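Counting along the sequence shown from 1, when you hit position 187 you're at 171 in my numbering, and nothing is skipped either side.
The set of hints was computed from the structure by calculation and includes no laboratory data.
One should not assume that every hint holds.
[Said to hold, decoys possible] When the alpha-carbon atoms are kept at most 30 Å apart in a straight line, the in silico BS3-like pairs for lysine-lysine are as follows:
hint, residue 1, residue 2
1, Lys258, Lys232
2, Lys232, Lys196
3, Lys121, Lys232
[As the list claims (entries may be wrong)] Label-pair distances were calculated between CB atoms; the ranges are:
hint, residue 1, residue 2, range
4, Ala113, Pro84, 19 to 29 Å
5, Asp276, Thr230, 23 to 33 Å
6, Val280, Leu89, 51 to 61 Å
7, Glu55, Ile151, 12 to 22 Å
Owing to the predicted nature of the structure, the values given are computational and were not obtained by experimental measurement.
For every residue, glycine included, the Cβ atom is placed at its ideal position computed from N, Cα and C.
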Amino acid sequence: MTILVIAEHDHQQLKAATLNTVAAAVKIGGDIHVLVAGSNCTAAAQEAATLQGVSLVKVADAAHYQSQTAENLTALIIANAAGYSHILAPATTFGKNLMPRVAALLDVAQISEITGVDSPDTFVRPIYAGNALATVKSADATKVITVRTTGFDAAAATGGSAAVESIAAGADLGQSKLISRELTKSARPELGAAKIIVSGGRGMGSGENYHKVLEPLADKLGAAMGASRAAVDAGFVPNDYQVGQTGKIVAPQLYIAIGISGAIQHLAGMKDSKVIVAINKDPDAPIFQVADYGLVADLFVAVPELVAGLGA
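Given the sequences, and given the hints that come with them, work out the whole structure.
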């Protein structure tokens, strides 16, 4: 049994989600190969080779993999799919764009966003916005899987010594072309990989209040900033701040929900956090049902007091 993990990377280093995906592959068992497709991506490939549990890194280095379009990557994966019992990718925007194409061309059913492995052919995945867990058994010869990264601890980044092998790049299909990419620049940690997240909801009242009240707390804690869908829809912050079923799925060590009522859509994106702290003036807010610590208070009073209490 041999497993192929599709690496998500920026050509220089792996994205954190790749480490969680490798950890899922380890639980399935068998030889683990990692495919790194990019342009001048030697550094990312060398990093993949040091991951614990990885036995081989396959590198496809070509200019047309610079933008990592799903069409070109899919063709490469299909050309190298023979012999693999499982093909895994993280359930990020990258993986969600790529893997359905792979599954369709292999004529198999995709198993989406697994959070657990019962056996090499049986997996656990959330349904109904995470309110229920389905155990899915696959009879497909090749199992195409996306991994919800919050369900698995990251694989150790050191200790491995996998061989690195160059493979032939596929042709540039020319079906799509990346025109531009606008990336959010922030000195704070990236939301999906942050260990601490401070999130605000509709209770913030305005975008001005969101930044004025929450930024000092996030700065003190070295935290990423998130928001509920209600706050995003109200225009308080851009949609890349959104945590929830239709936003980012996160599981930090500490999640602080401020002025967030706790709609199912939001809970689906953060309830696996290790410690959840909620501040809300409504004692009946659903967020308190999942919170480890809850404070019924006016956030405009409580948060500045919390910031002051944290000191310099």
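Going through the hints against the structure:
| no. | hint | result |
| --- | --- | --- |
| 1 | Lys258 <-> Lys232 | holds, 16 Å |
| 2 | Lys232 <-> Lys196 | holds, 23 Å |
| 3 | Lys121 <-> Lys232 | holds, 27 Å |
| 4 | Ala113 <-> Pro84: 19 to 29 Å | holds, 20 Å |
| 5 | Asp276 <-> Thr230: 23 to 33 Å | holds, 25 Å |
| 6 | Val280 <-> Leu89: 51 to 61 Å | holds, 53 Å |
| 7 | Glu55 <-> Ile151: 12 to 22 Å | holds, 18 Å |
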